[in-house]
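Undergrad: Top line first, the protein sequences correspond to chains C and B.
Counting from 598, one number per residue, gives the positions in the first sequence under the numbering used here.
Counting from 1061, one number per residue, gives the positions in the second sequence under the numbering used here.
No lab work stands behind these hints: they were computed from the structure.
Note that beta-carbon positions come from the ideal geometry of N, C-alpha and C, so glycine has one too.
Possibly wrong hints are sitting among the right ones.
Below are the BS3-like pairs computed for lysine-lysine, each with C-alpha atoms no more than 30 Å apart in a straight line [unchecked claim]:
1) B/1159 to C/876
2) B/1303 to C/876
3) C/736 to C/838
Partial list, derived from the structure: chain B residues whose beta carbon lies under 10 Å from chain C [said to hold, decoys possible]:
4) 1070
5) 1090
6) 1173
7) 1175
8) 1178
9) 1333
10) 1336
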Amino acid sequence: MTPSSSRSRLIDLVPHIVLIVGVLVFVYPIYVTLIGSTWDSGTIGRGGLPLWPSGEGPANYAQAWAGEAGDRAMYTPVRTMMLNSLVMALSIALGKIAISILSAYAVAFFRFPLRMAFFWLIFITLMLPVEVRIIPTYKVVADLGLIDTYAGLTIPLIASATATLLFRQFFLTIPDELLEAAKIDGAGPVRFFIDVVLPLSRTNIAALFVILFIYGWNQYLWPLLVTSSRDMETIVTGITKMIGTGESANDWHIIMATTVLAMLPPVAVVLLMQRWFVKGLVDSEK
Amino acid sequence: MQRRVTFDSRLLPYLLLAPQVAVTLVFFIWPAAQAIWQSVHLQDAFGIRSEFVWFENFTYVLSDPNYLDTLKTTVIFSVAVTVLAMGVALLLAVLADSKIKGARVYKTLLIWPYALAPAVAAVLWMFIFNPDIGSFGRALRAFGYDWDYRLNGGQALAMVILAASWKQVSYNFIFFLAGLQAIPRSVMEAASIDGAGPARRFWTITFPLLSPTTFFLLVVDMVYAFFETFGTIHALTQGGPGKATETLIFRVYQDGVVNNDLGGSSAQSVILMVIVIALTAVQFRFVERKVHYA
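Pulled out of the complex, with its shape left as it was, chain B reads as follows:
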């Protein structure tokens, strides 16, 4: 798409683009190319010579049962975070959108957690669920439940899922609320006059009309769960106990930064890139559709 009227200048547009393009080339394209290059090479122990090994790094990574476990953890984690964050947000948004007293106050009180860093959200959860200092953590133990997410893998996974979704609810809430407010009142009133109850109105009108928002949030939440929750996991469990809360992104960090395995880490980076590209493509297909129909 282009404007009809434009300025004529040979040099200026390139100058205007220069800073953005420079940053993109140096810090995005070049490192991404490096990751792809390294993912098909094997370096010797001293990092002096490297050998082209085709897809050996990939077969190695993908046939590693540990990696497949990590993949499974990531899927469980991402699906749980997405479902929880969206479900709770939708419930709260529907209620806050209805004509009740104090709706504005509720909105303000539900919006601000967006400002918290995922790692800070994790720390807040730790203050409450830590088995030694947290009120809920101690209460669980007092009731005889053997609660210690630092030792029990299942509990650790539950903790990071809850902390990660807790932080994401406000984002979903804002978008669901915007979506709900875009639904014409007249449609709801017409249904109401026809005798449809609140539940029926929700499932036959609100929910279908919200579907673009729902779909958009589905993709955003998946991306969030895949990438941005690194802070949550790093702050809360460090991927442990064992590897119980290790997600794909945490493993790239662990293998590349902590264990210094360049080929393996790069192959994993490339796998992640493919996942992001797929998610982005899905998202843009949907955006196009929205433009067509709305």
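So that you can see chain C by itself, here it is in the shape it has in the complex:
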């Protein structure tokens, strides 16, 4: 081998090394958490966590799942929190898709007074993320008696300018001929929506669902505000409540098992629906 070719070999390796380091930076924290969830809290608390799993795993997960008292405190069972997060994520994702596809259909396929006014009204919500109207929105929800309910947790978050814009954009690409043919066949707007528009939107709905499910599952500030009872706790806010101030004497084994379970659904959705996911992400930001 000549020196120059061995040097170019070495240069070829550089991208791999950088990418592997990159991957490690993202995988290592997850690995530590996975391993930690199989050890006892004492081992973790002393900071002597080994790099291999122990046999305590199933017991830790069972304990977290059922919410039996930890060594130091009582926790909301993970099964309750997972259920709450699942209801929240599904309601937000499906709710956003449903009300957005309907309003996009109205804006794209009908001519009616105040059409653009409505369009702008929906568009404005882009500029009002929940974080900038925390207190008054909380007050509205409280006045409606929706604190600690699934309705209060989800309905304020289901208006969606992004989804409406995305569907409208797509509807404008449906050829006029299709609509004319449907009209000649005597199909009304409801028929046309069910038989033509919905089937054509399948890909968009799937892509949007992936993004919105993750968005819903990962909500933090809003659940923190509108839920106070343990029965309504969601899993992402539940973890930080378990950690408290981060003292070394915590039920770390339960916390780590809960963290793994909290990551599982959204990560699974991304990995299993990777194609839809990337499409949904890139489309919804156009």
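Following the hints, complete the assembly by docking chain B onto the known chain C.
TA: Just chain B now, kept in the frame of chain C:
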């Protein structure tokens, strides 16, 4: 923009719009109006009477040195998160886009952190950098470095910056990769034939052609750093120690929810609204430009 052919129906379009419009009015427009109303009023201690005070709440908020400190922290935090997330993502995307073995595997392994909640990302970082239980945290102390982000403000800020950017890299990576894949191979090959090396090809072709993506991500990352990192900060440092990691959004929460100061919190909300509107306007101007030139 409107289709040529449409349905004729008087009532139906309004019915279709009703759910979205109802939610928007009740949970967006009405609360936002309330925030604006409260921001120019002062309530008495019992919340019974309120007095119109013009911009007193704003002058009060904006002349509060604590608020200006928070503003400074927010700017440092946001710029650092944006630069780090974009820089790392661009490097990884350029490498994963080149014709190397296993590019698909690298992509899959770099995409999934998008699924993590900002608060969960913070918790993962805590598991590693906690001075008592974290391997890196303990290692830093073992080397004699006085590491404890729960006591040291600068270290705390570094922690939240790193945890927040760590989570955002995958998002940037996905968009940079999509941007890179849209660059025609022929352009790169032509440059290559003309004798341009990889570095020169990157700075004279790739980087300029990526500029729409870069600009878009700049705005998205700023919005992320401003608003969505509430979870990161709440889970990791609670804004502390002292106020070292308190950003604008965290302060609105702190003043409004914890300290129950309606006027001050509303004035801050209105300031944040102005910031979002400005960022959104910038973004849409850019989208229009993209439509014109591409």
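Undergrad: Work down the list of hints and note, for each, if the structure agrees.
TA: Now the hints, each set against the structure:
Our distance criterion of 30 Å between C-alpha atoms is met by residue 1159 of chain B and residue 876 of chain C, whose separation comes to about 22 Å. For the given pair, residue 1303 of chain B sits about 40 Å from residue 876 of chain C by alpha-carbon distance, which is inconsistent with the 30 Å threshold. In summary, the hint linking residue 736 of chain C to residue 838 of chain C is supported, as the alpha carbons are separated by about 23 Å, within the 30 Å threshold. For residue 1070 of chain B, the interface hint holds, since its Cβ comes within 10 Å of a Cβ in chain C; the closest pair sits about 7 Å apart.
For residue 1090 of chain B, the interface hint holds, the least distance from its beta-carbon to any beta-carbon of chain C being 6 Å, beneath 10 Å. With its C-beta approaching chain C no nearer than about 5 Å, residue 1173 of chain B sits inside the 10 Å limit, and its interface hint holds. Here the hint on residue 1175 of chain B is kept, as its CB sits about 4 Å from the closest CB of chain C, short of 10 Å. Nearest Cβ of chain C to the Cβ of residue 1178 of chain B: about 7 Å, under the 10 Å cut. The hint holds.
Checking residue 1333 of chain B against chain C: minimum C-beta separation of about 5 Å stays under 10 Å; hint holds. Of the supplied interface hints, the one on residue 1336 of chain B holds, with its beta-carbon coming within about 5 Å of a beta-carbon of chain C, less than 10 Å.
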